[in-house]
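4 protein chains.
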Amino acid sequence: MQNTPKFVFDKMMETDYFSQWLGIQLLEISEGKCVLEMTVRKEMLNGFAILHGGVTFAFADSAFAFASNAYNKLSVSLTASMTYSKPAKEGDTIVATAIELSLTNKTATYDVVITNKNTGETVALFRGTVFRTSRLVIGNNSY
Amino acid sequence: MQNTPKFVFDKMMETDYFSQWLGIQLLEISEGKCVLEMTVRKEMLNGFAILHGGVTFAFADSAFAFASNAYNKLSVSLTASMTYSKPAKEGDTIVATAIELSLTNKTATYDVVITNKNTGETVALFRGTVFRTSRLVIGNNSY
Amino acid sequence: MQNTPKFVFDKMMETDYFSQWLGIQLLEISEGKCVLEMTVRKEMLNGFAILHGGVTFAFADSAFAFASNAYNKLSVSLTASMTYSKPAKEGDTIVATAIELSLTNKTATYDVVITNKNTGETVALFRGTVFRTSRLVIGNNSY
Amino acid sequence: MQNTPKFVFDKMMETDYFSQWLGIQLLEISEGKCVLEMTVRKEMLNGFAILHGGVTFAFADSAFAFASNAYNKLSVSLTASMTYSKPAKEGDTIVATAIELSLTNKTATYDVVITNKNTGETVALFRGTVFRTSRLVIGNNSY
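Protein chains in written order, with our numbering: chain A, 7 to 149; chain B, 7 to 149; chain C, 7 to 149; chain D, 7 to 149.
If you're looking for bench data, these hints aren't it; they were derived computationally from the structure.
Fair warning: there could be bad hints in the mix.
No copy is singled out in the list; a pair is fine if it fits within one copy or between any two copies.
Said to hold, decoys possible - Once the Cα atoms are required to be at most 30 angstroms apart in a straight line, the calculated DSSO-like pairs of lysine-lysine come out as:
#, residue 1, residue 2
1, 48, 17
2, 112, 123
3, 112, 79
4, 95, 48
5, 112, 95
6, 95, 79
7, 12, 39
8, 123, 12
9, 92, 39
The model shown is predicted, which means the values in this text are computed figures rather than measured ones.
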């Protein structure tokens with residue numbers, strides 16, 4: 007009863023210092039799905055005055071981690087790929103929507119779309135695959 | 007004479023606030039090559055007490071951007087992929103080595119290997135492709 | 007009037023000997039979209055008696071090429087990634103659906119989903135990016 | 007004694023009808039490494055009179071499968087990515103060299119470089135990750 011997706015998310019976030027630094031807000035969480043929101047700050051920009059591609063990726067990667075671990079089955083990232091569309095700028099609010107494409111006992115694959123709430127544009131497309139370990143996120147063998 | 011790879015790097019870094027936040031140190035820069043170093047801080051960790059995969063990616067992405075823009079030809083990231091090997095921990099010093107795999111007038115591809123100086127392990131493998139615009143990084147049409 | 011997506015497709019197929027070998031059938035073609043069908047033959051299997059991953063990829067790659075070239079603007083593949091879900095078997099009919107995720111003057115990105123008509127399962131997920139040259143597929147500078 | 011990398015390769019090839027169709031020749035096989043050679047035939051071309059990107063991928067994918075299964079531990083492809091450099095043409099002999107980048111009990115990652123023996127150019131760069139099952143390729147639970 008306790009280890010709901012929301013409870014797992016809260017527990018992970020407690021010590022996820024980088025997601026805290028990103029300033030992410032949870033919009034939706036369920037098994038295999040996660041929607042997050044954040045706002046682009048000056049310290050997230052690269053030398054071309056746009057959101058650093060690595061921060062964009064990190065935001066998608068957080069949504070991917072929360073979606074895949076929401077089953078309370080510890081899942082570790084194996085590979086991820088990123089395709090960039092339109093850059094986001096300081097002050098823009100961006101949304102990451104992670105959905106599950108496939109799920110087996112051992113692996114799962116997710117798509118994360120990053121959209122810009124200010125312009126309606128797609129910022130980037132992320133696709134990642136996890137290895138699902140036999141350990142729990144929260145429980146006897148919790149992290 | 008002025009727009010050497012090192013000069014372009016310095017100019018990009020001046021306003022690359024996120025690379026500054028990462029605390030990256032330049033070890034080597036030339037056309038198509040860049041080696042960077044940084045140390046993992048607590049605020050870079052995820053909920054499993056290891057370096058957030060997005061920060062790992064961002065570090066590789068910075069090396070990739072500096073290597074590809076060192077020609078002073080403005081290059082924008084199209085796609086990148088990441089494969090994770092061994093997680094890094096707080097206090098570890100990690101090195102990103104970006105090398106050029108192919109180069110045409112319009113596109114170029116780079117590999118970035120992230121290694122852990124403390125353990126000697128490979129942390130992650132990044133591969134990215136840029137579109138090389140007809141604009142300069144520094145010059146009449148500078149950013 | 008002449009260089010419609012269907013006309014470009016037919017012209018490309020005339021000398022696309024490998025797509026002919028695959029036995030692909032066109033279900034739908036328009037600018038940025040292509041749907042193809044083919045049936046798995048014995049000579050397409052790997053040593054585990056399932057459809058060779060390379061043939062699965064090639065089928066997706068053909069849909070990707072037809073979708074991106076349907077504008078009659080010669081487009082060359084830069085990168086592609088593949089995620090495997092469920093293997094297809096001899097005799098299965100599979101469908102590749104290519105849709106456009108983003109389009110600029112110089113580049114474009116497509117997703118191709120391969121589904122198995124016999125089982126309803128997703129076989130694999132392909133994502134690819136093209137460089138859009140300034141040449142035509144059919145016309146004065148045709149291939 | 008019997009299940010050497012070469013023996014596993016031979017056994018896989020016996021029913022790997024698509025690798026047979028490709029006409030691949032084995033140059034080297036060991037645990038985690040495989041080098042193959044093949045010659046581009048007319049039926050492998052796409053509509054632009056160059057080697058179909060899917061055939062290039064399939065050739066890399068075969069080298070990847072042989073390298074990863076050479077331990078006689080059944081390994082299935084999870085994801086792969088491809089970056090294209092220079093096209094190969096009819097009559098060209100191409101070589102695929104698969105090397106292991108990382109290996110754990112459950113997963114492994116390989117790079118495959120495709121080179122053109124006729125021009126010395128790099129044709130394409132492949133990177134793939136397998137899930138290593140607990141089954142044998144050859145033995146009590148053989149395929």
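**Asked** Of the hints stated earlier, which fail here?
**Response** none
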